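Student: Going line by line, the protein sequences match chains A and B.
For reference, each letter of the first sequence is one residue, going -4 to 322 in this note's numbering.
For reference, each letter of the second sequence is one residue, going -4 to 322 in this note's numbering.
What the hints contain is simulated information worked out from the structure, not anything from laboratory work.
On a predicted model such as this, the values are computed, not experimentally measured, just so you know.
Just to be clear, a hint being listed does not mean it is correct.
20 Å max Cα-Cα, derived PhoX-like pairs, lysine-lysine [said to hold, decoys possible]: (1) K7(A) x K149(A); (2) K7(B) x K97(B); (3) K100(B) x K14(B); (4) K182(A) x K100(A); (5) K7(A) x K220(B); (6) K7(B) x K220(A); (7) K35(A) x K35(B); (8) K97(A) x K182(A); (9) K164(A) x K182(A).
There are 2 protein chains.
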Amino acid sequence: MTGTTEFSLIQKYFSYDFKRDDVALGIGDDCALLNPPSGKQLVMTVDTLVAGVHFPVATSAEDIGYKSLAVNLSDLAAMGAEPAWATLAITLPENDPEWLEKFSKSFQQTLHAHDVQLIGGDTTQGPLTITVQLTGFVDQGRAMRRDAAKPGDKIYLTGNLGDAALALKLLDVPDLPAPETRTVIIKKLNRPMPRVEFAQRVAEHCACAIDLSDGLIADLGHILKASHCGARVYFDRLPVSPEFRECMVHLDGFDFNRMILSGGDDYELCMVTSEKNESALFSLAESMDLLLTCIGEIDSSEALTVISSNGESMELTATGYQHFSHV
Amino acid sequence: MTGTTEFSLIQKYFSYDFKRDDVALGIGDDCALLNPPSGKQLVMTVDTLVAGVHFPVATSAEDIGYKSLAVNLSDLAAMGAEPAWATLAITLPENDPEWLEKFSKSFQQTLHAHDVQLIGGDTTQGPLTITVQLTGFVDQGRAMRRDAAKPGDKIYLTGNLGDAALALKLLDVPDLPAPETRTVIIKKLNRPMPRVEFAQRVAEHCACAIDLSDGLIADLGHILKASHCGARVYFDRLPVSPEFRECMVHLDGFDFNRMILSGGDDYELCMVTSEKNESALFSLAESMDLLLTCIGEIDSSEALTVISSNGESMELTATGYQHFSHV
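Looking at chain A on its own, in the form it has when it is part of the complex (with noise of 0.2 Å):
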């Protein structure tokens, strides 16, 4: 954490009331002290956002500031993380204050929203680039895996699929569809929903979970490799918004299966547990008022077989979002 500016600029914007009491050092030094919790495993993740990549250039401060933060939370919540520390490195073309107030002040939020302290920060001239670390804790040896997935487990969704990929192509489409369906929709894309605290507790229930970011197929095969097996999914079953489903009937021209199966940055989580676990979940995902979906079952197959409505199985060549094929 160097730089003179770059100092004033991390004083600046980004020193927040909001103290944890296991933060002996915050910002301001070379680096932050901490005192983990003793007992418990610490979860790290790193995720880079891009502008012109990640999101579009015209997307506002304040949904970049949530949305950096969204993205490093679903992957704590894909382990059943509880979330503590941040950092952020942000690459800013010029020293925009109005910006720069705009994107900390929703950046505090979203932190103060899930009990996160900023820790240690950098920021650094150059193309807009926000690079958020998030680490959390989880009890020994209770971190959800990729790996945990076996023959015989039921696969489980929180939410629904496809929005965000729908928004972006609406995007292009200013007009379409009506302004109330259209403003849900782009809401979904801009402002995603990490399931944090539903996935510190569906943890007691469940050993494996994803979470959501470049699409179904592509995050469920991430679960199937790790784990080396198989499973069917059934596209009738995928939950998909009212808004979505208003979309598919009114407007044409997209391919809307492939948002469904393919689509990124949903965020939501997949978990894959035995299905005794089954009335747990839908009681913990009924407590907090969360759209629960059971999509599948793994198998012992080497493959993801998604099964149609007439009971055919689909054939599936998007997988996922691929930075350096599809840009």
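Take the given structure of chain A and dock chain B to it, following the hints.
Tutor: This is chain B only, laid out in the frame that chain A set:
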């Protein structure tokens, strides 16, 4: 830690063999799982290097791989911490296997030299930017800090000043000075030596330190501000290398004084401690074959004064390298 192709890039180029015992799960899931040592504090830092800002665009992949880790190691050294875990967020203009291969190998060698394990990463597409976060350990309450200087304490420096700043200038004049001198000086820019081992051992005798990334005046200024005191530094005592001195004699048109006082990127350690610890410091430095110099003392003024050879105070204008004001 998301993304399908990015995941593959991390898997392909950054799956190193080296495993630490305290890493329960490394690269390959949504997060890493870590077992922190009991009774220690965690020490965390993050730094971003942007091509064309923090290193010349022509810098080799190997040098970037080394330096992106070295600047963070230097921040841990400033606290006297033992490095342990790293994450790497790298933004690349394109998937360039040759560049990645070279970067990765150099990064790996540098990790290995300090027993650090890479536990997470994210690769994204965009202008070349490298963000490294490093976590280490320090005995409870034993970290060296910026706010622990006291009037009467002496100020000590490892190594020499100004070589990195001189190297940046020499890149514009390909034929000067003699090749062997040039090589030595440019190596100080591209391969700075973070004082990691020395710092861990010197922390026993010293409560206050900073690493010199922005230049002596700016970085010592951070200590003075945090500790609410002033300092007197004697210009004639400031250590420069034989190669730097050779350039002072033979090259015209360079502001050598500015390089010594305010040149950044040297990554030497600046320590403040009571004179009663001086012999312990010099013994330790000697045992590690490291140059150590006492350059001045802390006083109860509010100013940093540099005393020239004729006993007068020098005027300080350049206060260090500032990204948003100088670039």
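Student: Does each hint hold? Answer for all of them.
Tutor: Results for each hint:
1. Of the pairs offered as hints, the one joining K7(A) and K149(A) is violated, with about 49 Å between alpha carbons and a cut-off of 20 Å exceeded.
2. Straight-line distance between C-alpha atoms of K7(B) and K97(B) comes to about 13 Å, which keeps the hinted pair within the 20 Å bound.
3. Distance restraint check for K100(B) and K14(B): the Cα-Cα separation of roughly 16 Å lies within the 20 Å cut-off, and the hinted pair is therefore satisfied.
4. Using a Cα cut-off of 20 Å, the hinted pair K182(A) and K100(A) holds, with the two alpha carbons roughly 18 Å apart.
5. A threshold of 20 Å between alpha carbons decides the hint, and for K7(A) with K220(B) the separation of about 16 Å falls inside it, so the pair holds.
6. The hinted pair formed by K7(B) and K220(A) meets the criterion: a straight-line CA distance of about 16 Å does not exceed 20 Å.
7. Proximity of K35(A) to K35(B) is assessed by CA-CA distance (about 14 Å); at most 20 Å being required, the pair is judged to hold.
8. Annotation: proposed proximity of K97(A) to K182(A) holds, straight-line Cα distance about 18 Å (limit 20 Å).
9. The straight-line distance between the Cα atoms of K164(A) and K182(A) is roughly 13 Å, inside the 20 Å bound, and the hint therefore holds.
The structure fails hint 1 only (numbered hints given earlier).
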